[in-house]
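Enquirer: Between the sequences and the hints, there should be enough to build the whole structure, so can you do that?
Residue numbers (this note's numbering), protein chains in the order written: chain A, 1 to 534; chain B, 1001 to 1534; chain C, 2001 to 2534.
Keep in mind that a hint or two might mislead.
No more than 27 Å apart at the CA atoms, straight line, and that leaves these computed lysine-lysine pairs for DSS-like [stated by the list, open to error]: (1) C/K2166 x A/K458; (2) A/K167 x B/K1051; (3) A/K166 x B/K1437.
On the chain C side, residues computed to face chain B include the following (Cβ under 10 Å) [stated by the list, open to error]: (4) A2061; (5) W2067; (6) N2081; (7) L2082; (8) T2085; (9) E2086; (10) N2088; (11) T2374; (12) K2395; (13) I2397; (14) E2400; (15) S2401; (16) P2404.
Since the hints were derived computationally from the structure, they do not count as laboratory data.
A virtual CB, placed ideally from N, CA and C, is assigned to each residue, including glycine.
Listed below are the residues making up each chain.
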Amino acid sequence: MQGIVRAFAERYGQNKYVTAWQTDNEYGCHDTTRSYSQDAKLGFRNWLAEKYGNISVLNEAWGTVFWSQLYSSFEQIDLPNLTVTEPNPSHVLDFYRYSSDQVVSYNKQQVDILRELSPGRDIIHNFMGFYHEFDHFKVGADLDIAAWDSYPTGFLEMFSFSDEEKKRYYRQGHPDIAAFHHDLYRRCGNGRWAVIEQQPGPVNWAHHNSVPLPGMIRLWTHEAIAHGAEFVTYFRWDQARYAQEQMHAGLLRPDNEPSPAFEEARQVVSECANLPDLKTENADVALVFSYDALWLFEAHPQGASWSYSDLCFRWYSQLRQLGLNIDIVAPGDDLTAYKLVVVPSLPHVDPKTMEALKRTDAVVLFGPRTGSKTANLQIPENLAPGPIQELVPVKIIQSESLSPIVNEAVSFKGKEYEGLQWLDYVETDLPALAQRKTGEGVYFGEGRYRLLCTVPDKRFLGDIFAELLFEAEIEFHPLGNDVRSRIKGGCTYHMNYGPEALPEQFGTLLKEKDVAFGSENFGPAEVVAQLKKV
Amino acid sequence: MQGIVRAFAERYGQNKYVTAWQTDNEYGCHDTTRSYSQDAKLGFRNWLAEKYGNISVLNEAWGTVFWSQLYSSFEQIDLPNLTVTEPNPSHVLDFYRYSSDQVVSYNKQQVDILRELSPGRDIIHNFMGFYHEFDHFKVGADLDIAAWDSYPTGFLEMFSFSDEEKKRYYRQGHPDIAAFHHDLYRRCGNGRWAVIEQQPGPVNWAHHNSVPLPGMIRLWTHEAIAHGAEFVTYFRWDQARYAQEQMHAGLLRPDNEPSPAFEEARQVVSECANLPDLKTENADVALVFSYDALWLFEAHPQGASWSYSDLCFRWYSQLRQLGLNIDIVAPGDDLTAYKLVVVPSLPHVDPKTMEALKRTDAVVLFGPRTGSKTANLQIPENLAPGPIQELVPVKIIQSESLSPIVNEAVSFKGKEYEGLQWLDYVETDLPALAQRKTGEGVYFGEGRYRLLCTVPDKRFLGDIFAELLFEAEIEFHPLGNDVRSRIKGGCTYHMNYGPEALPEQFGTLLKEKDVAFGSENFGPAEVVAQLKKV
Amino acid sequence: MQGIVRAFAERYGQNKYVTAWQTDNEYGCHDTTRSYSQDAKLGFRNWLAEKYGNISVLNEAWGTVFWSQLYSSFEQIDLPNLTVTEPNPSHVLDFYRYSSDQVVSYNKQQVDILRELSPGRDIIHNFMGFYHEFDHFKVGADLDIAAWDSYPTGFLEMFSFSDEEKKRYYRQGHPDIAAFHHDLYRRCGNGRWAVIEQQPGPVNWAHHNSVPLPGMIRLWTHEAIAHGAEFVTYFRWDQARYAQEQMHAGLLRPDNEPSPAFEEARQVVSECANLPDLKTENADVALVFSYDALWLFEAHPQGASWSYSDLCFRWYSQLRQLGLNIDIVAPGDDLTAYKLVVVPSLPHVDPKTMEALKRTDAVVLFGPRTGSKTANLQIPENLAPGPIQELVPVKIIQSESLSPIVNEAVSFKGKEYEGLQWLDYVETDLPALAQRKTGEGVYFGEGRYRLLCTVPDKRFLGDIFAELLFEAEIEFHPLGNDVRSRIKGGCTYHMNYGPEALPEQFGTLLKEKDVAFGSENFGPAEVVAQLKKV
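Expert: Dropping the structure here:
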């Protein structure tokens, strides 16, 4: 690989038409992050030796005394596959961390060559959607621009959305798919990011491949810009007539005529010309997302339907339905700029994150299983939520994974909610803010910190957020299922992801502002941009 | 294999009791057509070298320039399995064609030995149901008689029927399972065909194995004769008490007493004695079926629920519910004898087929994705429907696979229909004959040619067929879900596949004709044969 | 393994604090009974050579003449995996028997060492729930105490219970899970048995892991005692903070404080102190359970939804809902002590079992497929039910597996029932006791013997049992879905497995007796123990 990159960089590194480099393509695609080869095994052993220094430290960290699995040298350690029963979860987690580090290092090697031979050019990688097997924050730290490949309809079809959502948004994608990744990768690029592959029509790789509603290419492009993308390019320019991706649309059809997307892209260009220069500012709300948390739960789910990725996506979606700008941040990031911080879950709360949580004046909401593990995937000596007990004095004495056919009801401020998943059982002197019918509390708070001990249904979560937003003095506008808004500089973008026109909603939302572009009918796939009246 | 066949043929080839040979058994059974062995790889390379002559021709045909997969010699080509991501679809399709050719050749080697050593005997092979991995037309061309193994209840349970159908026809099989294969294999045998394994009771290999309703063995046997079978034999004569197939019924029970099927078979013999000599004639309606099309779509589905096999079966079934005799024909067959030709789909329309379509005076209906590919599985330069644009001047600019939870509605001649699957989006000056609510046309026609750009639901398809039959001046009789008819010579057979008696339907259907056999009550599993009054 | 056991036994065999040994752990766990290794193949060949002596005897037993699979030496025999199509079922069955014998022998080797080096100590093994790949009766014969590991909530989640049951009993387990195994392993230990791992809270290995309702640890413990357990111990004492089972509850929490189960276990100890010495007596009802039958059906199901294990469990459950004590017995066991014997199915009825069935005065009910096979898995020469024809003179001429979407209705004593699965079609002069709408009988009897030719639904089975209990003069008390009772000595235990209190049921059930412990409210997870008034 280094030879190839060096050859390219030597040949084109100083070419004046080369303004940026993309390293490789979609790291991890086709299940390539985690390798179970002999080389991977040797690499993993070295990685462990470097991390732990002494085998007894590893034994302690993994708790290998359990089931008599003590190692006496790093050479005895295999990859955590092909075991008779389940492998040690700390072993698995370290393997996931090691595999992620390999991707980081693989990218860094390319970056180093390019920096040397092609100085002054931006280095970009194109990340994927709903793919989390390596730490995108770490890879992003070595890039200039974190780009990603946005395929809202394919992602809707292939990832965990309900049948109802898959039906309603078949030709649009779920309203938060693109935005979630825009906000995630904006953080990965430390503010510099882009969409490098924007879907311009039907693709070829989902189980089923829809034709986007007329207007969706325009909507997706504007939305990326609203979230701060430096640029949006489309994959692909022309649709090939042959080979694997011949059914993947381009801006040109296979007969080289413009495809329906072509005109939409051109329209975006002219509409953007009507806008003043807009700056992306910090949001009031931060959502903490952790790749390490995701791997920990993958290694140690304790319930087949527990999904950290889903949990974060649903919390993000619920906040966004309240009309908010959201920043996705990494554990340890400074939080002083925010008024509300939500942590859907964070099993290991490291000291730096703990410090940031204490320093901020924001209202902070922790979700279930937060603080439930140490860095090595052990239960904390003082039980869950571990260090968070300093902020919310409760102790989780046992936890329960609920299957989708079983759920719990809860009452909160006089209202009843159903559909709870996961329950942490609590020992505390605090009064419960929400309670099950059997009396157990599932929501507690002290000062500006809250701990939710369950995965709430949509309604319950929405009402919790509403209360916290009042407390944090953040203005919000409930938008319903289909509409989303994003403010950039003085401009508010409104996107209608639903299949029906919503003229009244438009009227209510937009009064007292100037419309830069967009139709008052607020039809399906419509985008309206408003500027503050001066 | 050749040694075995030669030894048999030398020993029994001139034996006066040997009147026919069956080559091998159920080619392809247990997944044996496509091999991924080293031998298969070498054979495939030779086959490719012979087909393309020069590696650059192959590169062009497959479009290997895509993803930098250009080959510089045939020795570099592997089988299209174990790839990191999906293989080139043209590569896959050629592998399927190669695999089919191996079966053709394997059969031909046996036939050659038998023709040499046992002249004057019929050579037969027993094909399977719903199995399509080799070209049965080509194997059939080397046989005297194309036989098949008819297991309607097992096929119902194992193939893609709805739960409602599986329940209603549990002890009968779906009414078109046997007939579809009768008509397909009649073409494979160029008119000479037979049922060599007729199910005589419960079998042992389906997920669940029903006991056929009393009368079904008689019904299935008569129906085969009605479709022109030279003979019907049963598998098996006696039910073994041991080994793998001990639960597979025979005409004799394991205690050597007659099984319930025995008396039904005897009844058929006596009933046939009451009939005059009947000849099978050409039908008015032809359905074009292509093995190559099936493999192409298997290699390149673009939608997980797209099934060419299902599509052909459902079109056949809908025509047969209108009381029609149907001929299944191969691409390129002469079509001048027909009044209506239906092409459920035919992605590559070769020049010989194009010529036949132009020469016939029949009304012709093309289904979705017809003409969408070249012989090498590329998009035609003039887009889909490729050469069919000469007959129906439309251009497909994009296509959409719908998942079963999403479907479309359409209006046609003032009626509304739901349940459409797959949509080809059209650019044309022709008026649409049927339209989606959003205005896009899905059905077009010019002269006697029609193009349907969607997979219609049952009702919509039935109404399209009805209109075309009027236009083609073909008389038809809607029979409903359960009843089927078949005319052979001057005799009309009526079969009741439903679980209930239909005495009124019998009355209506049969007036003014002589009943050769069958009960007026038209009970479940009843067959009635009528002769034209002289 | 022998070296390890010998080393332990030499070191601790005479230690006065060692009162018992547990051999290995959960034989068969993680799919370890059946091995497809080279060693297994060689062992299997030796086992076959010993069993059959001569290869021609094996050929006859397996019916290898079928499909030309005759062997000429034992060295030609492979394991019954990796075959192109399905292997010979007699071959598979013998492989299952061989694999079971390996477990028996593996345990026996340990037992022999312990008996030699640690005389006077009880030898115990801990069996699992719903695991049947080796013959627990045979392993049990070499033990002093047959113990088992009782995890009712995990078993509910992982085995074949309906969604309704999984929801209703999510935090309790189905009411018969523990009891079925208590009664099965009591027979395996010839009366001496125990629960060695009682679940004390949520576990970590099910798809989802519930927190047992308050009271369930007490209920499960009392129930084991009621069924005759010598002791109940909990897995585990303290919950580990690390490694694979860190989410598996203990009597102590990970912070070494008592878990909720701790107090419940202590309560049981004090409640037991209130009871007199109680003896386990023979029940009036025996249910015949056969590991060999289970393997035979596994090798030869003839219907994907046929489950011998389920069938036995459902018959057991239905009897237990009538308030009965039940003994589970092995084929060949003496049956003279019983008033009612039920045989859910027994494909091969060996001479010893036949003799026991004839010697008993009990009313005997046989289920479907009884007597349908010989010891070698062939159809009997006189057809099913084979030797049982001597007791119930019927002949099964064909059998039908019904898929869950298809079922049959039946009338029995003027009532209609739906939901039948599996049908044996009968030739007999006996009148039918229950009939399908089409007239075929599905239930026959002569003298005190009955044969049921179908898998009945719950209601039909309950009414059959009720009639047989009247005939056998056994008193019974229908308890409904949630409540179970067990009599031990003069004490009746009542367990409420439902999620609701049942105060009326308690009142009705318990009049005229002394309550030893338990609440009159009969709330969820409540146990009430009553002593006969003296």
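Enquirer: If a hint holds in the structure, say so; if it does not, say that too.
Expert: Quick rundown of the hints versus the structure:
1. In summary, the hint linking C/K2166 to A/K458 is supported, as the alpha carbons are separated by about 24 Å, within the 27 Å threshold.
2. Our distance criterion of 27 Å between C-alpha atoms is broken by A/K167 and B/K1051, whose separation comes to about 45 Å.
3. Between A/K166 and B/K1437 the CA atoms are separated by roughly 20 Å; this keeps the pair inside 27 Å, and the hint holds.
4. Because the smallest distance between the Cβ of C/A2061 and any Cβ of chain B comes to about 9 Å, under 10 Å, the interface hint for this residue holds.
5. The interface hint given for C/W2067 holds, since its Cβ lies 7 Å from the closest Cβ of chain B, which is under the 10 Å cut-off.
6. Against a cut-off of 10 Å between C-beta atoms, the interface hint on C/N2081 is violated, since the closest Cβ of chain B lies about 15 Å away.
7. With 10 Å as the threshold, the beta carbon of C/L2082 stays out of range of chain B, its nearest partner Cβ sitting at about 12 Å, so the hint is violated.
8. For C/T2085, the suggested interface contact is upheld, since its CB lies about 5 Å from the closest CB of chain B, less than 10 Å.
9. Of the supplied interface hints, the one on C/E2086 holds, with its beta-carbon coming within about 6 Å of a beta-carbon of chain B, less than 10 Å.
10. Look at C/N2088: its Cβ gets to within about 6 Å of chain B, closer than 10 Å, so that hint holds up.
11. For the restraint placing C/T2374 at the interface with chain B, the shortest Cβ-Cβ distance is roughly 8 Å, inside the 10 Å limit, so the hint holds.
12. Taken as an interface hint, C/K2395 checks out: its beta carbon lies about 8 Å from the nearest beta carbon of chain B, inside 10 Å.
13. Taking 10 Å as the C-beta cut-off, the interface hint given for C/I2397 holds, the closest approach to chain B being about 6 Å.
14. The closest approach between the C-beta of C/E2400 and any C-beta of chain B is roughly 4 Å, which is under the 10 Å cut-off, so the hint is satisfied.
15. About 4 Å separates the beta-carbon of C/S2401 from the nearest beta-carbon of chain B, less than 10 Å, and the hint is met.
16. Among the interface hints, the one on C/P2404 holds; its C-beta lies about 9 Å from the nearest C-beta in chain B, closer than the 10 Å criterion.
In this structure, the hints that do not hold are numbers 2, 6 and 7, in rising order.
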